[in-house]
Amino acid sequence: MPAIEVENLRKVFYISKKDPGLAGAVKALFRPRFDEKVAVDGISLRVEPGEMVGYIGVNGAGKSTTIKMLTGVLVPTGGTVRVLGRDPHRDRVANARDVGVVFGQRSQMWWDLALVESLNLIAKIYEIPAARYRELLDEFAATLELNELLSVPIRNMSLGQKMRAELAATLIHEPKVVYLDEPTIGLDLIVKERIRDFIKEQNRTRGTTVILTTHDLGDIEELCQRVIIIDAGHIIFDGPISTIKDRFGKYREITFEVAAGAARLELPAGADVIAAEPRTLALRFDRTQTTASQVAAAVMSQVDVRDFSLAEPDLSAIVKQIYNGALQEEAAA
Amino acid sequence: MQRYLNLYGAFLGQQFKSYAEYRANFIIGASSTIMMQAANLLTVWVVMQQIPDFNGWGFSELLLIYGLITLSKSINHMFADNLWTVGRVYIRSGQFDRFLVRPIDPLFHLIADRFCYDGVGNFLVGVVLLGAALAGLDLAWTPLVPLYILLAVLSGGGIFIALNLITCVTSFWIMDSVPVTRAIFDNHLFAQYPLTIYPKAVTTLLTWLIPYGFASFYPASYLLGHDVGVYAWAGPVVAAVLLFAGYRFWQFGLRHYSGTGS
Ligand SMILES: Nc1ncnc2c1ncn2[C@@H]1O[C@H](COP(=O)(O)OP(=O)(O)OP(=O)(O)O)[C@@H](O)[C@H]1O
Ligand SMILES: [Mg+2]
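The listed protein sequences correspond, in order, to chains W and D.
Take 48 as the starting number for the first sequence in this note's numbering and just add one per residue.
Take 11 as the starting number for the second sequence in this note's numbering and just add one per residue.
Only chain W is shown next, with the shape it has when bound in the complex:
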């Protein structure tokens, strides 16, 4: 059984339209008008147990709305959702036992309670056996470095501390499926790294299925083998990261360390110099027109090369290109 199975999922929001001012308000009262906003428009996907999937797209693409339907917070306008075989909205309680969710910066804990008190209450809500709870609390306190924070109320925590606490609260009942909607938003590199390690560890040791939404492609590269890209409510790509790089990473960069710069270089078609300094030379080439070895051979025949390196295609640059419509162009071609 797949962990998540979604068929033709749709969500339409109805936003009441009001003209400005009192007259508008009165008019809206007697003849309400609605704007339809199609946030998710026919999405189908399948996620196997233990997969870590990145769910990305521009602001307003429909990521959070999808996650809210997967968690049972929102009822779909159309289509079906199955999480571990259940309808998350109809089977809310059973579903909730097996899933965990982080909603961006929105805390699921009690503002005024010390972290450990919040966790105690959550343990009661999820009916975690006392011994197991103690074990997990110790484990999470160590891996997320929460020991000093246990007695601190959530309201007094910094963003990074709060997010670490949030992850502990989300995973303490050992959910089989976890949704993380922007878990690294606003965090510094070190906290980000710690959080990524923690998620990876959970997935490795417990086989947790993870759906991750983020605008930081570093998260995706570190954690996910598979990426789903959504745009205006449609899935425009679903596949391994490597495929994105192969298919859409049209340009690659190659950097040479040289003894002395050459005045003019004869280069294969599709290759250009992007930076020329006394000791380094950076080139960019179009993979559809030439190859790394042709470019390297051409350069080496003309200048004295000491060393060279081929850069891995940069995911964020590629995704930016996709967001800008590379896919539509490809589809049209």
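One thing to keep in mind: the hints can contain errors.
Once the Cα atoms are required to be at most 25 angstroms apart in a straight line, the calculated DSS-like pairs of lysine-lysine come out as [said to hold, decoys possible]:
# : chain 1 : residue 1 : chain 2 : residue 2
1 : W       : Lys247    : W       : Lys223
2 : W       : Lys209    : D       : Lys27
3 : D       : Lys210    : W       : Lys171
4 : W       : Lys367    : W       : Lys292
Please keep in mind that the hints were generated in silico from the structure rather than gathered at the bench.
Given the coordinates of chain W, assemble chain D with the ligands onto it according to the supplied hints.
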């Protein structure tokens, strides 16, 4: 059921801890409700000094009605105050989402999330009022009387909670349901007095549509030996029906919950 009771206890215990941090708020909250009640009562008392016989009702008899409805209201105030602000506080801020991803009933979660200590002040005032009324009345005491009073107060509390529940569901569409809840809730003010003093329409309203009458006038009448027929025992039924309807309406509203963007 047992599980929910235990959970309620756990929620309550945790809140008590965080309240202890804000001890001043707690004391001010509880004492200001007591003071407000004292002012209300003083008004009734002053009025009674002028007209000792209010449409055939003596001071202690009025006090009985007033005490019963105060107790009923305090049950709602203590246990279900979050129904007032579900839209304003929980839905608008997006906090409501977390109730929907936990393995307990979201309505229970909402209600258990806040025990309103201000209501304790109301409850104490209600106890004093009821005590004073009973002291001033010459009731034939049987074991049934305290049981009847208990039942009346619980049903009255149920009616208050149910009406607030039904009106708060509108927040799934209009975000802030406080004006709607207030419009219905304020009708309980009529039920602080004998329904016999009102035109027929008002009596009908408070019996059949917004039945706060069952939280005060009808049980008080029964205790005083007036004949009100089946209305004397209808309170629990009215409360149960309204609570059931309210819960179904809540579930209907939940399916239309659209959350907030982001
Ligand atoms: N409760 C709501 N009512 C009305 N419209 C909504 C609501 N929630 C979301 N929308 C709209 O639906 C669309 C998708 O929103 P969603 O929050 O799913 O985007 P997102 O991909 O998560 O974006 P971001 O990266 O900015 O978080 C947006 O146009 C948004 O304005
Ligand atoms: Mg979002």
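Hints violated by the structure (numbers, ascending): Number 3 - this is the single hint that the structure violates.
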